[in-house]
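Participant: From just these sequences and the hints, can you work out the full model?
2 protein chains.
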Amino acid sequence: MEPDLTLKKQVVVIGAGFGGLSFIKALDDSSSQITLIDTHNYHTFSPLLYQVASAGLTAESIAHPARAAIRKSGATFLLDTVIDIEPDHNRVLLGSGERINYDTLVVAAGSVTADFGVKGAKEHTLGMKTIDEALLIRSKVMRALEDASRYGHHAVPIVIVGGGPTGVELAGALAELSKVLHKDFPELGPSALKVTLVEAGDRLLPMFPDSLSAVAKRDLIRRGVEVLTQGQVAEVTAKDVSLKGGRLLESNLTVWTAGVKGNSLGDILARHLGVSARRDGRIEVDGHCRPTGTSYPNIFVVGDLAARNEKGTILPMVAPVAMQMGRHVAALLKDPDHPELKYRDKGSMATIGRSDAVVWVGKIRISGLIAWLAWLGLHLAYLLGGRNRLQVVIDWGWNYLTYDRTARQILR
Amino acid sequence: MEPDLTLKKQVVVIGAGFGGLSFIKALDDSSSQITLIDTHNYHTFSPLLYQVASAGLTAESIAHPARAAIRKSGATFLLDTVIDIEPDHNRVLLGSGERINYDTLVVAAGSVTADFGVKGAKEHTLGMKTIDEALLIRSKVMRALEDASRYGHHAVPIVIVGGGPTGVELAGALAELSKVLHKDFPELGPSALKVTLVEAGDRLLPMFPDSLSAVAKRDLIRRGVEVLTQGQVAEVTAKDVSLKGGRLLESNLTVWTAGVKGNSLGDILARHLGVSARRDGRIEVDGHCRPTGTSYPNIFVVGDLAARNEKGTILPMVAPVAMQMGRHVAALLKDPDHPELKYRDKGSMATIGRSDAVVWVGKIRISGLIAWLAWLGLHLAYLLGGRNRLQVVIDWGWNYLTYDRTARQILR
Chain R
232 MEPDLTLKKQ VVVIGAGFGG LSFIKALDDS SSQITLIDTH NYHTFSPLLY
282 QVASAGLTAE SIAHPARAAI RKSGATFLLD TVIDIEPDHN RVLLGSGERI
332 NYDTLVVAAG SVTADFGVKG AKEHTLGMKT IDEALLIRSK VMRALEDASR
382 YGHHAVPIVI VGGGPTGVEL AGALAELSKV LHKDFPELGP SALKVTLVEA
432 GDRLLPMFPD SLSAVAKRDL IRRGVEVLTQ GQVAEVTAKD VSLKGGRLLE
482 SNLTVWTAGV KGNSLGDILA RHLGVSARRD GRIEVDGHCR PTGTSYPNIF
532 VVGDLAARNE KGTILPMVAP VAMQMGRHVA ALLKDPDHPE LKYRDKGSMA
582 TIGRSDAVVW VGKIRISGLI AWLAWLGLHL AYLLGGRNRL QVVIDWGWNY
632 LTYDRTARQI LR
Chain X
232 MEPDLTLKKQ VVVIGAGFGG LSFIKALDDS SSQITLIDTH NYHTFSPLLY
282 QVASAGLTAE SIAHPARAAI RKSGATFLLD TVIDIEPDHN RVLLGSGERI
332 NYDTLVVAAG SVTADFGVKG AKEHTLGMKT IDEALLIRSK VMRALEDASR
382 YGHHAVPIVI VGGGPTGVEL AGALAELSKV LHKDFPELGP SALKVTLVEA
432 GDRLLPMFPD SLSAVAKRDL IRRGVEVLTQ GQVAEVTAKD VSLKGGRLLE
482 SNLTVWTAGV KGNSLGDILA RHLGVSARRD GRIEVDGHCR PTGTSYPNIF
532 VVGDLAARNE KGTILPMVAP VAMQMGRHVA ALLKDPDHPE LKYRDKGSMA
582 TIGRSDAVVW VGKIRISGLI AWLAWLGLHL AYLLGGRNRL QVVIDWGWNY
632 LTYDRTARQI LR
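Chains as they are written, first to last, in our numbering: chain R, 232 to 643; chain X, 232 to 643.
Calculated directly from the structure, the hints in this document are not laboratory data. Each hint should be verified, as a subset may be incorrect.
Which copy is meant is left open, because identical chains are indistinguishable; a pair holds if it fits in one copy or across any two.
Stated by the list, open to error - The calculated DSS-like cross-link candidates involving lysine-lysine, where the alpha carbons are at most 25 Å apart (straight line), are: (1) K410 / K303; (2) K239 / K594; (3) K240 / K414; (4) K414 / K353; (5) K594 / K240; (6) K470 / K353; (7) K256 / K414; (8) K303 / K414; (9) K371 / K360.
Facilitator: Next up, the structure:
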């Protein structure tokens, strides 16, 4: 440590996700010394995890090194896990045993998969929140195809639970992978993966307008995905998924995208602050991303872990909210009179497959090729790192032109 | 299985390395049904493993899917491990319990790291023969840098045992990584990795002419590598490497590239054939790659596992020998009068770092930029898969122009 650091305001940021990095980038304040703590040495571009899981992109393409991301800010990076926050002592406790003091704390620890206690879900499903999980899904899919090719030549049944954007995008991508891999597994036919998408509600993409939900369903069915709405999962085993009502779905691999909840750090922080976290593990915050009903003005929560009620609606757990929250806290630290956060909804989009996506921005509702091109452009724009952007363009171009998926090596 | 397969000659190939794939590609015979068995679903381009270990390339770039590699041949692929060969029954036993019958068997199982029983080597060193090992080395290097940055700011000591091409290339690549990562770890200085290369003999690259060995040594030293020749390892612990004679080298990570031996399948096969494998685990073969002193004309051994004595010299364990052996066996199966294998030595090369390599082809001995360009071209030419070739060109170009290494995420 250089000696002058003690004169600087110590800002500790937990989490190198969209919220944490947006805060760091926006702060740009030479009187603060930022320390970023994350359990991984990279930022995960989670909107594209499903493409890693479906062999379209390598893990590295969507994982930007944390140190590269914060280089300009002069921030320090610590590869560690925060296991406790001590607001009365202005410090955090790390897995290594070390304690880090802060003047300002930004908790951007994100969310984890929520299985709502469904029997067998913890043991027999994979979430898709991390690079590790995405690589594991890819390896399990490829291994299941090898087994199917060898024993019996039947299609591999895969069940995806949850009809939100993640579930829809993974279902579409796996259905396409199935066709592409026909070259490798001709004996399995063009539908080597039998993908079933189960949604508890009565339509896919419940946050989208009805019309786009209907488009997503129609287009997934066209691609060979079985879509089950109003399908509530009763139990998951290693071999099948049983729905309430009695239907049994055979499943070699069950992916759980049906819910997320705040990282466990939310509960820990809430307890120390003397408030209770919401049932979904998130912490209620005010218009400046401070936990409501507490007296710790130097603690901010941003991103998925923060539940901000804006005009009666809780802001969703998506990247744009996290980024705007991160930037808001940075602006507030520079200007205490900065007005409250007003979330600017830039719309929602989900890709369904080759040349097909749904996009909803205010009154604009589009689907098909134009929506897909918009989806491509936006994801490229938000991807961190010029190298990763170049890489994803090359991979997408290659996959599009050759109907190939090159990242199908079993590495786990 | 289609019913007509029983009429075809069953050819079983063990191993999707250079030998096995060259055989399959060259056989191109519609009267044979080939089954390729490998423990991975990809071919590993082992000459570039050191670039995966040093964060220059992703694993996928040097791992070509096995099914794509054999697609044109109509061969069947089995993802499995061969645990026994039964020459008297013309069948192999797989890890899954299945037995596969063959009319012709090509054993191309390759080699594994040999630590010569040096104390602690098994527990405390990593080899560099597989993608898994290369990814593990990369993760350990990056994690060690994180620790060094956090605790004490000293350089990370890394010892590489073995001054052959693999050791020289890895040492040079890690020394360069060290400089490149200066941007991420400025507090560690430009020599964040303190690389020591230990060679038991009196010069590096013992298979090269003296003059090129001297160039390699000089250029590695210029890059900051400590080169210790006549350094025999007495013992390895988690913290250091002790040499005979008493010198103790601190080491956070010890990579063992000092020896290879035939895959254990060599011993198993030799026992069944009633011969003894050599001390290095390889099987002596005749000019047609048949095990010498046996009466099983339908069994061939090619690649690293085969020890062919040609005019008093055992052919080296390198990719060109494996490829020529594979092609030879294919030619022999098509023409029983095909003359014996005559190995055509196309020369040897090793890269030392940016714009620097040594190349030896007959009387030609070059080093520096021209040698490096030759090295680049040759490796690209031999890399399997158009996608991988494109990818490696892009990665090399990017790394060369930006002094960056983008594959530095800790994925293990």
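Participant: Look at each hint and say if it fits the structure.
Facilitator: Status of the hints after comparison with the structure:
1. Taking the shortest alpha-carbon separations for K410 and K303, only the inter-copy value of 19 Å comes in at or below 25 Å, while the best intra-copy value is 44 Å.
2. Proximity of K239 to K594 under the C-alpha cut-off of 25 Å is found in neither arrangement, the shortest distances being 47 Å within a copy and 64 Å between copies.
3. Proximity of K240 and K414 under a CA criterion of 25 Å is satisfied inter-copy only: 24 Å between copies versus 59 Å inside one chain copy.
4. Proximity of K414 and K353 under a CA criterion of 25 Å is satisfied in neither setting, with 35 Å inside one chain copy and 41 Å between copies.
5. When the C-alpha separation of K594 and K240 is checked against a cutoff of 25 Å, the pair qualifies neither within a copy, at 45 Å, nor between copies, at 66 Å.
6. Proximity of K470 and K353 under a CA criterion of 25 Å is satisfied intra-copy only: 14 Å inside one chain copy versus 39 Å between copies.
7. Proximity of K256 and K414 under a CA criterion of 25 Å is satisfied inter-copy only: 18 Å between copies versus 45 Å inside one chain copy.
8. Taking the shortest alpha-carbon separations for K303 and K414, only the inter-copy value of 10 Å comes in at or below 25 Å, while the best intra-copy value is 46 Å.
9. Proximity of K371 and K360 under a CA criterion of 25 Å is satisfied in both settings, with 16 Å inside one chain copy and 24 Å between copies.
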